[in-house]
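One letter stands for each residue in the lines below.
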Amino acid sequence: MIQTENLMKVYQMGDNEVRALDGASFTINKGEMVAIMGPSGSGKSTLMSIIGCLDAPSSGKYMLDGLSVESMSETELAEVRGRKIGFVFQQFNLLARTSALENVMLPLTYAGVSGKERNDRAMKALDRVGLSQRTHHTPSELSGGQQQRVAIARALVNEPAIILADEPTGALDSKTGVEIMELFQSLHKDNGQTVILVTHDSYVARHTDRIIKLSDGHIISDESNANPIKAGTPRIEE
Amino acid sequence: MLFSENFKIAIRALRANKMRSVLTMLGIVIGVATVVALLSIGKGVTANITSSIQSNGSNLLTVSPGKQQTGPGGGGSQQASYLYYADYQLLQRSLVDNIAAIVPSYQSSYLVDHGNESFSVNVTGTTKEYQETNSYEVAEGRFISDGDNKAESRVAVLGAGTAKDLFGGLTAVGKTISIKGVKFEVVGVLEAKGSSGFGGSSDDAVFIPLETGYGKLFGSTATYNDKKIVNSISVSVANTEAMDTVSAQIEFLIRRAHKLTSSDELDFNVLSQSDLLSTLTSVTQTLTIFLGAIAGISLLVGGIGIMNIMLVSVTERTKEIGLRKAVGATKNQILTQFLIETVTLSLLGGIIGILFGIGLALLVTLSGAFTAVITADSILLAFTFALGIGVFFGLYPAYRAANLTPMVALRYE
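Keeping their order, the protein sequence lines are chains A and B. Each residue of the first sequence is one higher than the one before, starting from 1 at the first, in this note's numbering. Each residue of the second sequence is one higher than the one before, starting from 1 at the first, in this note's numbering.
FYI, nobody ran anything at the bench for these hints, they're computed from the structure. Among the hints, a few may not be true.
[Said to hold, decoys possible] DSS-like mimics (lysine-lysine), calculated; alpha carbons at most 27 Å apart, straight line: (1) A:61 / B:331; (2) B:228 / A:84; (3) B:180 / B:227; (4) B:180 / A:116; (5) B:228 / B:128; (6) A:124 / A:84; (7) B:216 / B:175; (8) B:180 / B:150; (9) B:228 / B:183; (10) A:124 / B:8; (11) B:175 / B:164; (12) B:128 / B:193; (13) B:164 / B:183; (14) A:213 / A:189; (15) A:84 / B:319; (16) B:164 / B:128; (17) B:193 / B:175; (18) A:84 / B:331.
[Stated by the list, open to error] Some residues of chain B that are not near chain A, with every Cβ distance over 10 Å (derived): (19) 64; (20) 90; (21) 117; (22) 214; (23) 264; (24) 320; (25) 371; (26) 383; (27) 400.
The beta-carbon is built from N, C-alpha and C at its ideal position, and this holds for glycine as well.
Turn these sequences into a full structure, and let the hints guide you.
Rendered as structure tokens:
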């Protein structure tokens, strides 16, 4: 499903070369729930943006769903983002003054789906995240947890191959965070959805089946987590 | 993606910032309104002047004193030059063919009284033919006759405006007015003719027999070296094809009378109405272009306003652009969205501006100064200009928005 080989990302900062990603190789299979973990500056955000086709690697190979991403044009990348990847961000990134339903419809609109089908699919996605009663509320009328649910519904609506969540609980209180983690776990268990969580928080990471740890642009460990935390288990630091 | 979807997105973005959209649009509204109004007013003035000149007849030659200006300050020592009553008599005697009428006139401004009313009015001494060559209609009484001139009668004919000023709505014919203290009997009142197109009204006037003027009113100001002078001699030509011939004859006759050699500059002008018309048309055309250019500048400023706002909007909505790209928007879709936003702003501004401009032009017409002429091409011009400005000034911000790397845009704070 996701296959990377020696991914590199180099930024030029003045005279200095910054290697945000320095040779990352891994494979994530369909239906896995994986956490990419590391402190800030470890390169996990860079990795996420490359996996999400938001940015291109400086070198290395990236196969997504059998497609070689590094050779794609900008327009093709936009299509891949729209159809194969569902993003969930820390700050929700919903369109202001736009109803939940219309926010969820946005990826369908860009994918060329319109009319009743678009409406039905958006309603279904909102129903899946438990917000079928809030479809016409704008983000400012929703709580943080509800906004993140709308964002998850938006990520689900195109039935993407992967859900890519960047610190999805980072802006939420712990109780709401638990609800969101529950939702991810149920998407993974019930629907077999591939979920990739990017986080600095080992407690969040331990909700997944597999944890990839990054440091200074290198993968320092890639281990399966035999007993993922069930959402709602009190936070105990390692 | 459908155009209508993009359009909806653009409209929503504009509505989200109503105040800002309105203010941005205002620049275009004012620009377009000025273009439409000024062009209409310019066209109206031109039409007005043209028709007022044509109403005097296109077959009129006007002889007036003065050297033909060869250029600014090209005259050197400008000698006063005069046209004499004798010149009129000469023309009267010598010109035979194709002549409908020859009309001398001497004009001066005097205080005209009746009872307690007193006005400074242009008093024109002339002959009976003046009425026809200048297209006046008599409302009451009669115009000056040949007999009045022969007898040097102290009779006066009032323009509609002057009659109203001096007598209100009351009958003027038969009453006595005094011009510079000299008593005149009012024998006629003219119909209103309206504005002459040169600021003054041709209805504020008093006409008296020219001979009476020389004998009893004008005094020494109307003579030069003991010769009676006139301000102008109008020659109405019966056949328009003979205009050039008659004009040449007049030039020849007066040149000889003024004892000018063939190398001397003329000390008088012979102008036809069509000469006057073409001069004035070129003046008003220049004026219209000038006004249009000013309006164009305000449109340009409005356009820059749009660009400014769109750039701010792109910066402000960087995150939104990033998100749109993350959920699958292509570069072209982002470009289209922002272009539609600017074009919508400028088109809406253009339409409102056109309505305002038409309103302004109608207001000018209603005020009675003159009739503004609203033409389809001035509206089309303003509309195209507004659209062009929208596309032109929207392109750069839209291009910037579309080219943002999604990751960079998403991380933008």
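Comparing the hints with the structure gives:
1. Between residue 61 of chain A and residue 331 of chain B the CA atoms are separated by roughly 24 Å; this keeps the pair inside 27 Å, and the hint holds.
2. This hinted pair does not check out: residue 228 of chain B and residue 84 of chain A have alpha carbons roughly 103 Å apart, beyond 27 Å.
3. Restraint check for residue 180 of chain B and residue 227 of chain B: the C-alpha separation of about 22 Å stays at or below 27 Å, so the hint holds.
4. About 91 Å separates the Cα atoms of residue 180 of chain B and residue 116 of chain A, which puts this hinted pair outside 27 Å; it is violated.
5. Note on residue 228 of chain B and residue 128 of chain B: the hinted pairing holds, with a Cα-Cα distance of about 19 Å set against a maximum of 27 Å.
6. Taking the CA atoms of residue 124 of chain A and residue 84 of chain A, the gap is about 18 Å. The hint holds against a cut of 27 Å.
7. Taking the CA atoms of residue 216 of chain B and residue 175 of chain B, the gap is near 19 Å; set against the 27 Å cutoff, the hint holds.
8. A threshold of 27 Å between alpha carbons decides the hint, and for residue 180 of chain B with residue 150 of chain B the separation of about 22 Å falls inside it, so the pair holds.
9. Taking the CA atoms of residue 228 of chain B and residue 183 of chain B, the gap is about 22 Å. The hint holds against a cut of 27 Å.
10. Under the criterion of a C-alpha separation no larger than 27 Å, the hint pairing residue 124 of chain A with residue 8 of chain B is consistent with the structure, at around 23 Å.
11. Among the hinted pairs, residue 175 of chain B with residue 164 of chain B is consistent with the structure: their alpha-carbon atoms are about 13 Å apart, no more than 27 Å.
12. Using a Cα cut-off of 27 Å, the hinted pair residue 128 of chain B and residue 193 of chain B holds, with the two alpha carbons roughly 18 Å apart.
13. Among the hinted pairs, residue 164 of chain B with residue 183 of chain B is consistent with the structure: their alpha-carbon atoms are about 19 Å apart, no more than 27 Å.
14. Our distance criterion of 27 Å between C-alpha atoms is met by residue 213 of chain A and residue 189 of chain A, whose separation comes to about 23 Å.
15. Between residue 84 of chain A and residue 319 of chain B, the direct Cα distance comes to roughly 21 Å. Compliance with the 27 Å bound is thereby established for this hinted pair.
16. Between residue 164 of chain B and residue 128 of chain B the CA atoms are separated by roughly 23 Å; this keeps the pair inside 27 Å, and the hint holds.
17. Between residue 193 of chain B and residue 175 of chain B the alpha-carbon distance is near 23 Å, which keeps this suggested pair within the 27 Å criterion.
18. A hinted pair counts as satisfied when its Cα atoms are at most 27 Å apart, and residue 84 of chain A with residue 331 of chain B qualifies at roughly 18 Å.
19. Its beta-carbon lying about 72 Å from the closest one in chain A, residue 64 of chain B satisfies the requirement of being farther than 10 Å from that chain.
20. The claim that residue 90 of chain B is not at the interface with chain A holds, since no C-beta of that chain comes within 10 Å of its own (minimum 87 Å).
21. For residue 117 of chain B, the condition that its CB be more than 10 Å from all CB atoms of chain A holds, with the nearest at approximately 70 Å.
22. The claim that residue 214 of chain B lies off the interface holds: its Cβ sits roughly 85 Å from the closest Cβ of chain A, which is beyond the 10 Å cut-off.
23. For residue 264 of chain B, the non-interface assignment is confirmed: its Cβ lies about 82 Å from the closest Cβ of chain A, beyond the 10 Å cut-off.
24. Non-interface call for residue 320 of chain B relative to chain A: violated, since the shortest CB-CB distance, roughly 6 Å, does not exceed 10 Å.
25. Even its closest Cβ contact with chain A, about 48 Å, leaves residue 371 of chain B beyond 10 Å, as expected for a residue assigned away from the interface.
26. Separation of residue 383 of chain B from chain A is adequate, the least Cβ-Cβ distance of about 31 Å exceeding the 10 Å criterion.
27. The claim that residue 400 of chain B lies off the interface holds: its Cβ sits roughly 15 Å from the closest Cβ of chain A, which is beyond the 10 Å cut-off.
In summary, the structure is inconsistent with hints 2, 4, 24 from the numbered list given earlier, while agreeing with the others.
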